[in-house]
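A.B. asks: Next come the chains, spelled out residue by residue.
2 protein chains.
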Amino acid sequence: MNLPQRVLLGPGPSDVPPRVLLAMAQPTIGHLDPVFLRMMDEIRQHLQKVFRTQNEMTLAISGTGSAGMETVLVNLIEPGESVLICVNGVFGGRMSDIAQRCGGKVQIVEAPWGQIIEPEHIIDAIRKHRPKVVAMVHAETSTGVCQPVDQIGAAAHEQGALLVVDCVTSLGGMAVEIDRWDVDAAYSGTQKCLSCPPGLSPVTLSSRAAEKLHSRKTKVQSWYLDLTMVRQYWGHERFYHHTAPINMLYALHEALALVLEEGLDKRFARHHEMHKLLRDGLGELGIGYVSPEGRTLPMLNAVKVPDDVDEAMVRRRLLDEYGIEIGGGLGAFKGKAWRIGLMGHSSSRRNVTLLLSALREIIGR
Amino acid sequence: MNLPQRVLLGPGPSDVPPRVLLAMAQPTIGHLDPVFLRMMDEIRQHLQKVFRTQNEMTLAISGTGSAGMETVLVNLIEPGESVLICVNGVFGGRMSDIAQRCGGKVQIVEAPWGQIIEPEHIIDAIRKHRPKVVAMVHAETSTGVCQPVDQIGAAAHEQGALLVVDCVTSLGGMAVEIDRWDVDAAYSGTQKCLSCPPGLSPVTLSSRAAEKLHSRKTKVQSWYLDLTMVRQYWGHERFYHHTAPINMLYALHEALALVLEEGLDKRFARHHEMHKLLRDGLGELGIGYVSPEGRTLPMLNAVKVPDDVDEAMVRRRLLDEYGIEIGGGLGAFKGKAWRIGLMGHSSSRRNVTLLLSALREIIGR
Chain A
-2 MNLPQRVLLG
8 PGPSDVPPRV
18 LLAMAQPTIG
28 HLDPVFLRMM
38 DEIRQHLQKV
48 FRTQNEMTLA
58 ISGTGSAGME
68 TVLVNLIEPG
78 ESVLICVNGV
88 FGGRMSDIAQ
98 RCGGKVQIVE
108 APWGQIIEPE
118 HIIDAIRKHR
128 PKVVAMVHAE
138 TSTGVCQPVD
148 QIGAAAHEQG
158 ALLVVDCVTS
168 LGGMAVEIDR
178 WDVDAAYSGT
188 QKCLSCPPGL
198 SPVTLSSRAA
208 EKLHSRKTKV
218 QSWYLDLTMV
228 RQYWGHERFY
238 HHTAPINMLY
248 ALHEALALVL
258 EEGLDKRFAR
268 HHEMHKLLRD
278 GLGELGIGYV
288 SPEGRTLPML
298 NAVKVPDDVD
308 EAMVRRRLLD
318 EYGIEIGGGL
328 GAFKGKAWRI
338 GLMGHSSSRR
348 NVTLLLSALR
358 EIIGR
Chain B
-2 MNLPQRVLLG
8 PGPSDVPPRV
18 LLAMAQPTIG
28 HLDPVFLRMM
38 DEIRQHLQKV
48 FRTQNEMTLA
58 ISGTGSAGME
68 TVLVNLIEPG
78 ESVLICVNGV
88 FGGRMSDIAQ
98 RCGGKVQIVE
108 APWGQIIEPE
118 HIIDAIRKHR
128 PKVVAMVHAE
138 TSTGVCQPVD
148 QIGAAAHEQG
158 ALLVVDCVTS
168 LGGMAVEIDR
178 WDVDAAYSGT
188 QKCLSCPPGL
198 SPVTLSSRAA
208 EKLHSRKTKV
218 QSWYLDLTMV
228 RQYWGHERFY
238 HHTAPINMLY
248 ALHEALALVL
258 EEGLDKRFAR
268 HHEMHKLLRD
278 GLGELGIGYV
288 SPEGRTLPML
298 NAVKVPDDVD
308 EAMVRRRLLD
318 EYGIEIGGGL
328 GAFKGKAWRI
338 GLMGHSSSRR
348 NVTLLLSALR
358 EIIGR
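From first to last, the protein sequence lines are chains A and B.
Start counting the first sequence at -2; every next residue gets the next number (the working numbering).
Start counting the second sequence at -2; every next residue gets the next number (the working numbering).
Wrong hints could be hidden among the right ones.
For identical chains, the list gives no copy identity; a pair is met inside one copy or between any two copies.
Derived lysine-lysine pairs resembling BS3-like cross-links, with alpha carbons at most 27 Å apart [unchecked claim]:
1. K301 to K46
2. K102 to K216
3. K273 to K301
4. K214 to K102
5. K301 to K209
6. K209 to K125
7. K273 to K214
These aren't lab readings, by the way, just hints derived from the structure by calculation.
All chains should be built: construct the whole structure from the sequences, respecting the hints.
C.D. replies: Listed below in structure tokens is the structure:
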């Protein structure tokens, strides 16, 4: 195995700090070893801080971010229930697909790719459809758009609905305020702004969501992702459910420690500053964003490929000649956009400068 | 993080060789990086050799062994279909639970814990119930019993059923002959006889199973485990589905290389020899097996706790004083059995000798 060393500036994974890689390489111990169980408790406490929540049901699902998405939806939706999904990109669409597979009656409130969904449209749709679950994506990785979340919780609760928020790309890179925003369930991935390898999905459920889980009339259709059992392994019962991905959890433990050592607010400011630096530099190259200023994410920069530029050639040359990975467009943006990630450990002045210089050399401006 | 170094002689995980830990700690690269895609191809080829199959649909699911179990069942069972499950321990029971969550009409053929299910009973049940899927556990980790598999495929196919086999604990430690046994779908875990950390589940599907998958009338109820999509990421299409657990796949790649370097037959012989050594030594301590000789697994030794011995105290002292982990009993064997794993890298003369000596010191014989 002869692996190249990349600079990961795509939509994830981001570069993993050496301390996290080394933690992951520590000898495996048992998943019921008292030392490992203590580590799980610490991971929960760290995750509560990063999610800014007091939720007791805060844990890491043994799968990647999409497994977190499926976990939340499959546990909170019962067949036949009405579900409202906000769709303005790939990941809202994925939520809708999963909700349908759960037997949910899905209503969609949507906006064009690159735009936010106006909060009043969502609130109107909640009042009209009176769903049991409202689901939205905070940071849409396919478009780089930041969706405002803070007003939706109150509107959902007024109608007896639970609010689910996808924080896969935002967690650890910008403010995610689970308790202050009154979010009932959220999930993330480890390979974005937490800068841990992919393989785990942090999940948190409010007591309101936990209540819904306990009052279900039907079994959760997934055994692997059934939180009524998974929580008993993470909780004080320590019931065996499945074997946790032990070394991945070493890595997450270390990655979260690094996030908290830096401090959340300082980390968010760094992401914001690097985003501005990149935006200014791209502007000088004549490269603009697919979404309006003020709506763009700091950690995922979806930008328009200039008309006279071969987008795939640029990505290939960045990878082959500079060892830099950036992402192409998905769905409606395929062939038309690049997605430049400045996530976690990857979000540095050195990387912004390197990428801008390499782009300038390749595009020839 | 201050982790102890254990000797892992429980029901999994097993000790991970340093080469595998180091492979896992290599810098993360993108999940669509050409170098990574080549590695995925090699993993598939390695897995085909270890499963002894030509099945094109051979890959690693992004979750632990139970996710592999759910993957196979959720993809091959459509709601309302008749399913026959062989149950003589925890993992057969788990299959039955999952099959019901898939909407399967489950029939059970069972045997007491510690016994095999007689193949003729299974064949009779197949002819009686004419199920669409027959599922069985090759190596029952809760009882240490080895279930004969080789006659069942023909009987299942005669009735138009698919044969599913759980090889979580057997793969890499004893003969698993997917093609010769005419098995349609099998899954395993990485943390048993492959001696890789937990977090992935090798899965293989025959062309007959792939046909069933493509002729489904309903969508697979799990999005995350939907093989119609997962296979397009592992196949030449390379469609993005979810972000693979990249560093875990580095580890699996290296673990499989180690298995193939040793050679399967040599590896199986080593497991068999260490099992005999342990059995003889335990016999001298007056400790017998929960299952009849000739039915015991080489890699998972489920033995009776002597009447005058406090089983939990012994396990605690092994861990605290010697750093050795063995497993307790599950279900019907809780408090009555120990489960001693000699899996993969853990299956060595040094470990057998150490464990027997430590047990002798603790029990005082």
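A.B. asks: Does each hint fit the structure? Answer for all of them.
C.D. replies: Verification of the supplied hints:
no.: 1; hint: K301 to K46; result: neither (36 Å within a copy, 46 Å between copies)
no.: 2; hint: K102 to K216; result: both (18 Å within a copy, 15 Å between copies)
no.: 3; hint: K273 to K301; result: within (17 Å within a copy, 66 Å between copies)
no.: 4; hint: K214 to K102; result: both (17 Å within a copy, 19 Å between copies)
no.: 5; hint: K301 to K209; result: neither (43 Å within a copy, 43 Å between copies)
no.: 6; hint: K209 to K125; result: within (22 Å within a copy, 41 Å between copies)
no.: 7; hint: K273 to K214; result: neither (50 Å within a copy, 50 Å between copies)
Hint compliance for this structure: hints 1, 5, 7 are not met, and every other hint is.
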